[in-house]
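With the hints as constraints, model all of the structure from the sequences given.
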Amino acid sequence: MKIKAIHLLSKYNFLLAQLVQRDFKTRYRRSILGILWSLLNPLLIMVVQYLVFSTLFRFDIPNYSVYLLSGIVIFNYMTEATSQSMTCIIQNASLINKVYVPKFIYPFSRVLSSGVNFLFSLLALYLVIIATGMSITYSHIAMLFAIACLFLFICGISFMLSSIMVFFRDTQFLYSIIITIWTYLTPIFYPESILPKYMLYILKFNPMYHFIRFIRFIILSGGIPDLKAWVFCLLFALVSFVLGVLVFNKTQEKFILYL
Amino acid sequence: MIDIKNVSMNFRLANDRILSLKEYVIKRVSNKLTYKHFHALSDVSFSIQKGEVIGIIGNNGAGKSTLLKIISGILTPTKGNVKVSGNIAPMLELGAGFDMDLTARENIFLNGAILGYSKQYLTEKFSEIVDFSELNDFLDVPIRNFSSGMIMRLAFSIATLVDPDILIVDEILSVGDAKFQKKSAKRMFELMSGGTTVIMVSHSIEQIRQMCSRVIWLEKGSIRMIGNSIEVCKAYLSEQTDAPSSSVSNNSYTENLYSPTQITKIDNQYFIVDCWHHRVIYNPNISDSISSWTILCDNVHTPHSIASDGELLILDDTGNNAVQVYKKKLQTYEFSQTIRNIGYQPNKIIYDKDKELFYGISASSQQLFVLKNNNGEVEIDNVVRLDYLKNSYVRSISLIESKLYFVSGPGEILVANTEDMSFNLINKYPVPFELQGMNDLIKIDSYYYISVYQDGSGNIAPKLVRTKDLNLLGVNYEDLYDKLQMKGVPYNFSQIEDRVYVTEIDSYSSIRSFKLVEDEIYDIQVHYNIGAADDTSIHRRGYS
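The listed protein sequences correspond, in order, to chains A and B.
Letter 131 of the first sequence, counting from 1, is numbered 131 in this note's numbering, and no numbers are missing.
Letter 544 of the second sequence, counting from 1, is numbered 1544 in this note's numbering, and no numbers are missing.
Simulated from the structure, these hints should not be mistaken for lab results.
Be careful, since some hints might not be right.
[Stated by the list, open to error] Below, in silico cross-link-like pairs of lysine-lysine (BS3-like), each with a Cα-Cα straight-line distance of 30 Å or less: (1) 254/A x 1022/B; (2) 1032/B x 254/A; (3) 1083/B x 11/A; (4) 254/A x 1083/B; (5) 1005/B x 1050/B; (6) 1182/B x 1428/B; (7) 250/A x 1032/B; (8) 1119/B x 25/A; (9) 1050/B x 250/A.
Below you can see the structure in the form of structure tokens.
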């Protein structure tokens, strides 16, 4: 299974590269600022939210701008990649009807192209980190682990959503509601300390909370998170990924009947 | 190459197509969810060899698309085995696999990647693809600004220029303008003769019959008939047009000719190649009615010419990419051999008395084949692809003063050397646009006579002209079309005894002849004045 997947990836890596390039080129092709948008977008959101919320939480959170931006960048990657992947199978219906290409390529390429975007946002984050005079320590290497886990988690969700979407076209409306709720249930712009105790308990089941917390801990305190944080990240990533692959594999043969 | 064994495909489809979660939950709860089972294919088996051109016909819902999808691996059959070796290139419908925001250059790579080709391979083929699609000037323009014809040209070029092992064509598209259509048809022929396996689905039976070597007729998910394209198409058509065709009297086409492409005299018999009736007939006398002529064969596919060395008759079987050999037996002729592997659409065969060899030309693959009578058995002496013919459709060859003349296809009359059998190019005569689609060329006395089907862009524009010097063709020639009272398309010339015969084809079928005395035309006669084809002839040809 693992060997087969690697074999497929090497066989289709040119296609994958082409699809990612396509997504990336078409996104900014007709805009003057082009790729700069990937940098500017999270920064602008941060500025707006900063202006609104900084008066509310200023005294609770040191380096509020970095706190805010790190949350936005990570959460945005998740929402963007999953919403893009959700529609990819139905958007490529005409191709899927004609050419045999392993279908996971389609959502996977969307996660990758959003990932490129995510890297630019990360760049913006680091600019802000440097601008605010925070130090960058060796512990930042541990970020790679969190990003890898985040990537797996997003792949899983994307596989699931893209296959469910084929059968139920109203999934996207449902999902946009879920995303809104999810945004508020994740401490992106507020500190978790303002939540009541039972909410903190619920928060433990929110995977995005763990990824964001892991990364924030590294950036804000410059230390390495404790073992529990590592385990949680890995656990959520694997559960999502395995579930996503299972759902996608089980349903992909039926896609064509519903396209 | 492709092996399909006992393949069945069942679908379970909800009676209502439910595409929303809300509906699904409501139906589920109220128990209104019913499914029906649908057998798209049941127990289908066949195999396809490398290089075959297979047509799939059948009514809507017969399972054609399902079968194509199973072959290309998009659908997995419920039961049975599918074995396919080689890469498959589907001809994508307009725009599928293209991104409108990307340029033509970027789309070539994207589309190529989707079809499964590597970057290196596409880089190699890139300029070829661009040249063929004639989009050199628009390479860096986003294709959203292209016309649909331009996009289709690009799609066609990508699908066909990468030399796929298996090409799947779902409804042949008429791509671009008349000129490009001609070019793309030629490319298809090239692929087919170059060993690409082609599987095509079309509602145009005529196209299928012309292009395919074998046809699969699907009916309600099973194979109704499989075999030779003429037979299957005939059976299919006769079922389709059951009611109207039975009202027409039987076999009356045998009383007529339909596009006779050649008349010749062998021994004491006149032979007529009755091309669009798919038969060859003979008779000792040219004044008897056609229905009394003897049938040499009527199982061939659009034959064009026949040649003899006195012992054997060799006849091109254009539609089946073969030649048929007949042997003289007392007063009749007996079938003896089928020769294949001589190229695509052999269109003309001639006999060289001096060398005791037969020459033939395969019109679509530009191959010259040389056949030899070895004690009553025909052997292939040589098959050579002539690069100087480029990709043009060369209908005919003539032997004039021991040199081989190729009539205009590539915009020139080309002359090759037969002395050392090298067929090296020794001369060429440029041909003006209006004469480029030539049928035949013959030299009688001091004139070269030329019959023309189409002009240089493929539009039918019949002509019959003569000139004393082929070098002057671009400057001046004498037009004989009206003088001979032609109404259709002049095709083949033959000199039989003291008369010159011209066959007339397509919109008006007839055979005319005249006498030449010191280059003056006398005594014009019409031997079989058939005119436009009637229903039985059209039906025999295969039009639906």
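Hints, verified against the model:
Distance restraint check for residue 254/A and residue 1022/B: the Cα-Cα separation of roughly 20 Å lies within the 30 Å cut-off, and the hinted pair is therefore satisfied. For the suggested pair residue 1032/B and residue 254/A, the alpha carbons sit about 22 Å apart, so the restraint of at most 30 Å is met. Proposed proximity of residue 1083/B and residue 11/A is supported: the alpha carbons are some 20 Å apart, at most 30 Å. Restraint check for residue 254/A and residue 1083/B: the C-alpha separation of about 21 Å stays at or below 30 Å, so the hint holds.
Distance hint between residue 1005/B and residue 1050/B is fulfilled; the C-alpha atoms sit about 17 Å from each other, no more than 30 Å. The suggested pairing of residue 1182/B with residue 1428/B holds, with an alpha-carbon distance near 24 Å, which does not exceed 30 Å. Pair hint residue 250/A plus residue 1032/B holds up; C-alpha atoms about 25 Å apart against a cutoff of 30 Å. For the proposed pair residue 1119/B and residue 25/A, the alpha carbon gap of about 18 Å is at most 30 Å, so the pair holds.
Proposed proximity of residue 1050/B and residue 250/A is contradicted: the alpha carbons are some 34 Å apart, above 30 Å.
The earlier numbered hint that this structure contradicts is number 9, and it is the only one.
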